[in-house]
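Read top to bottom, the protein sequences are chains R and G.
Taking full-length UniProt numbering, the leading residue of the first sequence gets 1, the next gets one more, and so forth.
Taking full-length UniProt numbering, the leading residue of the second sequence gets 1, the next gets one more, and so forth.
Hints should not be assumed to be uniformly reliable.
Given that identical chains are not distinguished, each listed pair holds provided it fits within a single copy or across any two copies.
To be verified - Mimicking DMTMM-like on lysine to aspartate or glutamate, the simulated pairs with C-alpha atoms at most 20 angstroms apart in a straight line are:
no., residue 1, residue 2
1, K4, D93
2, K298, D150
3, K29, E203
4, K41, E203
5, K294, E170
6, K283, E172
7, K243, E172
8, K294, E33
9, K52, E275
10, K287, E170
11, K80, D150
Since the hints were made in silico from the structure, they are not lab data.
Protein chains: 2
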Amino acid sequence: MSQKLIGIDLGGTTIKFGILTLEGEVQEKWAIETNILEDGKHIVPDIVASLKHRLELYGLSKDDFVGIGMGSPGAVDREKKTVTGAFNLNWKDTQEVGSIIEQELGIPFAIDNDANVAALGERWVGAGDNNPDVIFVTLGTGVGGGIVADGNLIHGVAGAGGEIGHMIVEPENGFACTCGSYGCLETVASATGVVKVARLLAETYEGDSAIKAAIDNGEAVTSKDVFVAAEAGDSFADSVVEKVSFYLGLATANMANILNPDSIVIGGGVSAAGEFLRSRIEKFFLKFTFPQVKISTKIKIAELGNDAGIIGAASLASQIESK
Amino acid sequence: MSQKLIGIDLGGTTIKFGILTLEGEVQEKWAIETNILEDGKHIVPDIVASLKHRLELYGLSKDDFVGIGMGSPGAVDREKKTVTGAFNLNWKDTQEVGSIIEQELGIPFAIDNDANVAALGERWVGAGDNNPDVIFVTLGTGVGGGIVADGNLIHGVAGAGGEIGHMIVEPENGFACTCGSYGCLETVASATGVVKVARLLAETYEGDSAIKAAIDNGEAVTSKDVFVAAEAGDSFADSVVEKVSFYLGLATANMANILNPDSIVIGGGVSAAGEFLRSRIEKFFLKFTFPQVKISTKIKIAELGNDAGIIGAASLASQIESK
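Go ahead and model the full structure; you've got the sequences and the hints to work with.
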């Protein structure tokens, strides 16, 4: 009888692996470096070799597993189990992934994009409490996410579902986004977006602030610097956090107003600001939601941290069984 | 073998009934007046009597049907098949609906709220082309709708899913909404919302306009008057349509940016403005969506008109089979 799951979190620097129980408990985990040389042609063979080595090491065979799940950057074709345009892996053209791993390991394989997979992880054993309706928002270099509605990950007609970073929160005077639009959430709530908001507000702020001084002096300022200063009482930095929270409150409220999830879970590097950020977002969230949503949808900070990828990937593998 | 579906569209003025094939073709339809006297206590017995009478008339028995579906105003409990707080039916307290109809007719029964049911109808045989990802927006006295994502109607944790009218499109200087928030889509895109936008713009518009003159004279102006004048070349009325379309373009774009449906279908009384309104909404929709969504999600006008309710209700009944 099949008893375990394998989750793989494929990133541009490392590939993380986990062996998990069907309940989502991590039993073993390891990582290897991602070798992106020669158009990333070593990546899939390296994954196969590492899996074979570890299964032998642990005395496990293909019959011990329900499936292998993987989260990948780039555009994922879930049916063909291929990845296209994953630039941080040097995979410009379409790369066969699932067919090779299934053939070499003999275990069923499922793949989805990394933000969707992280959403599955947080929903399964993280802040989402395994509820059928959970939205995950990741605030990092960009803003991404995944939407689980009525128990299903929402992909949409062209696979662009869950692109929370491209919700428009500043329709008339927004910053330009890499997508071609103006005023996307990503332009004001990613790590670089927070700094953009700080630069804009610095133009008109009058008063003492180490952060404003650093910006005006042309020093490198990070989103973390802004949050740390705001928590320490810098009122300029606080006004930046207030504005970023306004945008996040508006975007999360609009998602909740139409989808009414049990929770919206905030993850990614910027979410390290924790309760300080969560409570600020919630203030605006409560301003912009209607009564039934206010009392039923919660704003939470992600719980899984570094393991979200392998846990979510294992969750994807667990769904193979039910098909 | 079960071959047909019954759809019931329960409204405050009439109750519409339809007998449909499993493919969604209306074979018979009829309507009765809604008797809301005595706390609406006659409504369910009237439905039962009308169904029994018609089935006898057509020589049909319970074995000819897969199920009965119903769309209802108010707060619907889909599990208990009850309705609470449907004020236009005089149902203030919880009303048993499904248990009585199932007992009297011996046919499985399913119920959902009227906006969700209309969404199912448009998705099934209307503008939605039976695609698994379709959003329906109804612009009438209020703004409502339903979201079908990955084949499922999205209800959310407290049943508030699909409340598209309460998306915030004017976060800082919006009109007050009946829900308690400010700047909801409903306050600017419902029939009365369009007139509110006209009144606001009339304050600063300089130039000749019969619509502006009517507003300034305190005459009754409807959203239809505004659209008719705009199409006839009244530039004040045109500026109102432009502003309303901006809000609808923003709201539909933000839904598409996160859910990437095949289409967003616009229905309800205000949508009678047809292609004139659709193309205006699309202009802003294309401004506010990111590239993958621009080329994959379409803005459409609803096709089913008056029959949407019975067709959607029959669609709900058709899903009983698959359980």
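Each hint tested on the structure:
1. Taking the shortest Cα distances, K4 and D93 never come within 20 angstroms of each other, neither inside one copy (33 angstroms) nor across copies (50 angstroms).
2. Only within a single protomer do K298 and D150 lie at most 20 angstroms apart by alpha-carbon distance; the minimum there is 17 angstroms, versus 24 angstroms between protomers.
3. Neither within a single protomer nor between protomers do K29 and E203 lie at most 20 angstroms apart by alpha-carbon distance, with minima of 48 angstroms and 66 angstroms respectively.
4. With identical chains, the CA atoms of K41 and E203 are never at most 20 angstroms apart, being 48 angstroms at best within one copy and 65 angstroms at best between copies.
5. Taking the shortest alpha-carbon separations for K294 and E170, only the inter-copy value of 19 angstroms comes in at or below 20 angstroms, while the best intra-copy value is 23 angstroms.
6. Within a single copy, K283 and E172 get their C-alpha atoms only as close as 24 angstroms, which misses the 20 angstroms cut-off; across copies the closest is 15 angstroms, which meets it.
7. Proximity of K243 to E172 under the C-alpha cut-off of 20 angstroms is found in both arrangements, the shortest distances being 16 angstroms within a copy and 13 angstroms between copies.
8. Taking identical chains as interchangeable, the C-alpha atoms of K294 and E33 are never at most 20 angstroms apart, the minima being 44 angstroms within one chain and 37 angstroms between chains.
9. Proximity of K52 to E275 under the C-alpha cut-off of 20 angstroms is found in neither arrangement, the shortest distances being 42 angstroms within a copy and 60 angstroms between copies.
10. Taking the closest pair of Cα atoms, K287 and E170 come within 20 angstroms of each other both inside a single copy (17 angstroms) and across two copies (13 angstroms).
11. In this assembly of identical chains, K80 and D150 lie within 20 angstroms of each other by CA distance solely across copies; the values are 19 angstroms between and 25 angstroms within a copy.
In this structure, the earlier hints numbered 1, 3, 4, 8 and 9 are contradicted, and the remaining ones agree with it.
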